[in-house]
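Asks: Assembling the complex is the task here: the two chains are given apart, and the hints tell you how they should meet.
Quick note, the sequences are listed as chains A and B, same order. 6 is the number of the first residue of the first sequence in the working numbering; add one for each residue after it. -4 is the number of the first residue of the second sequence in the working numbering; add one for each residue after it.
Calculated from the structure, these hints are not laboratory results. From the three backbone atoms N, C-alpha and C, an ideal C-beta is built for every residue, glycine too. Errors might be hidden in some of the hints.
Said to hold, decoys possible - Computed footprint of chain A on chain B; a stretch qualifies when at least three of its residues, placed anywhere within it, have a C-beta under 8 Å from a C-beta of chain A:
#: 1; stretch: 41 to 50
#: 2; stretch: 58 to 71
#: 3; stretch: 74 to 82
#: 4; stretch: 90 to 99
To be verified - So the derived list for chain B, only partly shown, Cβ under 10 Å to chain A, looks like this:
#: 5; residue: E86
#: 6; residue: Q102
#: 7; residue: W104
#: 8; residue: A132
#: 9; residue: M148
#: 10; residue: D160
#: 11; residue: C242
#: 12; residue: P243
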Amino acid sequence: MPFRWRPVVVAGVLLVLLLVAVVVSLSLGTPYVAPVDVLRSLSGAGTPYDLVVRDLRLPRAVLAAVAGAAFGVAGTLIQSVARNPLASPDVIGVTQGAGLAATVALTSGAAAVLVAPAALLGGLAAAVLVFALGARHGLAAQRFVLAGVAVAFALRALIEVVMLTADPIDGLRAQLWLIGTLAGKGWTEAAWIAGTLVALLPVLLWAGWALRGSVLDDDTARGIGLRPVARRIGLAGTGVLAAAAVTAQVGAVDFVALVAPQVARRLVRAERPPLLCAALLGALLLVLADLAGRRLFAPTQLPAGVLTAAIGGPYLIFVLLRTRGRRS
Amino acid sequence: MTALLSTRDLVVGYEDRTVLDGLTLDLPADAFTVIVGPNACGKSTLLRTMARLLTPRRGAVLLDGAAIRDLPTRDVARRLGVLPQSPLVPEGITVADLVGRGRQPYQRWWRQWSTDDGRAVDEAMRLADVTGLADRAVDTLSGGQRQRVWIAMTLAQDTDALLLDEPTTFLDLAHQVEVLDLLHRLRVERGRTVVAVLHDLNQAARYADHLVAMRDGAMVAAGPPRDILTADLVRAVFGLDCVVVPCPVTGAPLVVPALSQTPATPAAPVPRKGT
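In isolation and in its complexed conformation, chain B is listed as follows (with noise of 0.2 Å):
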């Protein structure tokens, strides 16, 4: 496999909590690679310092073999797509405004919008399903309709990766699967490479072509679902008992919770002694 985007010995921390130490990984091109993990296991961090969004205190993050830090943030821009996990939408911007952000590192402020721009605009805005979304104000959109524009966004961006973080988090199911279809038409009809942070192991196991599992700010495992995700894998990131069963749609690995050992309802009351 050739690694697009790696991690060398990576530390980082906020303050004075390291929350990844010394992670080393390799994340495939062309293919959809889903992070996951409990909360605070560190990969949003990991996401984040891949993104360069965060700087780490030691180690490097590669991209292509090429240490991003010593990259100008405009050539990173080009090749690396970014979504944070709750952008801030500006105040009355339209959806087709917005989408032209993404063309920013190809502009200056002497040449500020080249039909190469105007053609990138309509192909992401056509691709993420926004084109009659396009004269809208993105603050009155719906959350789903949002998150369309903003990958959008990205999109316009024409580059060959695309970072996202937790993606579907605060979208309903229909939404969820919505752009989960989106980023998986990307990676097979465009041949993108996508990264991205979800919490839903099973949506995880259903979408990814590379599963990377997280705990304490480690990788525990990485690989397809079907080679690794398995009832002693869950059991060792997320500390939960369950069943692994094909799921019947796409038969990927479906994780099915175990009936917990302490009931959920409060326990009989305990019968007195010497009664």
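One chain only, chain A, in its complex shape (with noise of 0.2 Å):
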């Protein structure tokens, strides 16, 4: 379709509204630096509140954004292959999967770098599995929806039998993990997934585009000249890989991964979810999830996961209403 510039003008004040939570982020806290400090900090002036703001905050500021931002990709490409707003990667088992692997390494005493590769492995090795029962029909919609759930379902249950026969304490981290959680984290981990969307970026750039053909059934696709199910495999491939890259690092964090694309999708008030405003907004309520994560109860820290879903859950429920009563 001709240019249009909602979709930019969206991802422009998202990108703003995303560097100011960040900067908001770098700022509030024990101790509190004024935002004026925190720029001067960070480009490099040398100011007393280097170490807080350069080092404590933000590895896990960016590590926020950076997860967020794969969240939302990975949400999108799993929606429209799924043709589902609800699919999200733990409806496909990458998390489960994900969290077995990562549950299993934590309770039977393997080194801690070991876990998240483990994890990666886990969600990879789970959607592996999806793929394989879900192929017979070209990995319909609905067919890939099902071998999703039942994957899922399986390995949760795997989960809890691991957890409950683990040591308490290894079962309570392996808990912490799951609901997903940025505490003690940082450059690393966001390296990680910063990485694998820099190496993904190629195909994410094919699959932007390739995203308006997924909306039509595949008849129509194929008479358009599309090839549907090469295309669906490569779309719901690249989301897979994301979603398992990121939860490996952060956990379960995949109510973002649900919410981002509708709510990115209203905005631009397109037909489907945009790959790159979701993947902003994405990264928006991940850096303000865990803001709010480490500041509403302070000195308590809630875990990033349990806060998208208390900010994410009520607003998706806001922006359907909204959407319903404009239409009728």
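Replies: The following block contains the structure:
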């Protein structure tokens, strides 16, 4: 279709909001650092706050932004293949696969550095299983979702078994991992996620375009020269890689993946979720959720996974109600 | 006659059921071809196979003499437009946007929209008379408007030939005529080859240049309606007794079902014996 300004404007506004949120996130806390000092510290001017801003808060804020973006991308791609606004990495088993592998690693006394790689492999393995089960009819939406739900439930049960038979302390650590948190994480995790996104960049550029065709049924898509099955596998595969990469690092904060695409879609008024805006919105949402988790009940920290659901849920409901009201 | 689309010894089936068994036919270029036949005779299967939506078990579909399955799907999409029977309307998509999807075979992800695309979309919307609806959401339109939008999308594809699977189903009579008039204009004014599956024999006779009658996966007759549409053909294809008269408006054959031998109303009680 001809060039539309709206997605560009929305992306610009989201980017500005994201930067503001990051600065606020670096500013709030104990000690409080004035935004001016945050900016001065970031610019390398050398302030007394360098340790707090640059070494303690910045890595976590960047991780939140990068992880949120990855969840936004994963959610957009998975929802488009599943043809379902409620799909997210946990509907197709990626979250549970990563969770099971992480739980096993955490409760078996494996080295801490092995948890994330194990979770990555677990998430990918679950996705391969779902693809194999869903492939018979060209990864058609309904079959894909059913295969995903089935695998997710089975893996969830296995997670419970591992947790119940584990040492209670290990079980608690696994529980926290499953909820998803950014506490104690920073540059390393952010680098892994960002690296995956950068590696996927050429595919993502293609995907942003290919998503247009995904709203058409297969016959219509073939009629205009598309290959819907190959396209679905490409889009779903990319989504799974993004989802597994981010879940392995920060755990199941995947409510972002559910909510960001749908809200972004309504902001740009398109017939499908827009990839870039969903990524920016995901980043914004997770930065805010992590900030709220840190500050709301300080000094007690709530995991970001809890907060994303608490903020995103009501907002999604609000957006749904508003959309319905306008149409009728 | 030059054939734009042909089938050679086509065998098509689903799972364990064979629908078309060795079908060979030629569809003339620059003509409006209508395929008719009773339910489950394989007419939609034939159309969908020609549109490469189904893969034949054996045999080939030829587009201008070349086997369609050997051609890149994007190239086929520039020459052959397809309108499936009940396409899914994406939620919230606007008319202009949906019509624009017809330009897909001319686009790449690194070159997404050209002035040619804009021209083709404007032209397609004008032809299908949906220009006034350009900014409306397709899912808020009536059935007739919606069907014109879908046709506009295939027109934007700028193909020589257009295949339509029951394009008038679910439309009221006025909208059926509207769609058929549009297809007729495409043939006459634009020289497009149009192939459609229709249910209504009289509409087929009125609009078709070339009629293909099918039964049980085989072709029973093919040719201009005035030459082939007779009471015998209708009986052979549909198993229906009828009278064929010239249409008072167009002179095309008009099929009027005969009174059935067994009345539709319940028979009168049989007189009891022995009273």
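Asks: Give a verdict on every hint.
Replies: Against the structure, the hints come out as follows:
1. 41 to 50: It holds: at least three residues are needed, and the stretch 41 to 50 of chain B offers 4 whose Cβ sits within less than 8 Å of chain A.
2. 58 to 71: holds (count 4)
3. 74 to 82: holds (count 5)
4. 90 to 99: Holds: 6 residues of the stretch 90 to 99 of chain B have a Cβ under 8 Å from chain A.
5. E86: With a closest approach of 6 Å, the E86 of chain B hint holds.
6. Q102: 8 Å, holds
7. W104: Nearest chain A Cβ about 4 Å off; hint holds.
8. A132: 8 Å, holds
9. M148: 8 Å, holds
10. D160: 9 Å, holds
11. C242: 33 Å, violated
12. P243: 38 Å, violated
Checked against the numbered hints given earlier, the structure breaks hints 11, 12 and satisfies all the rest.
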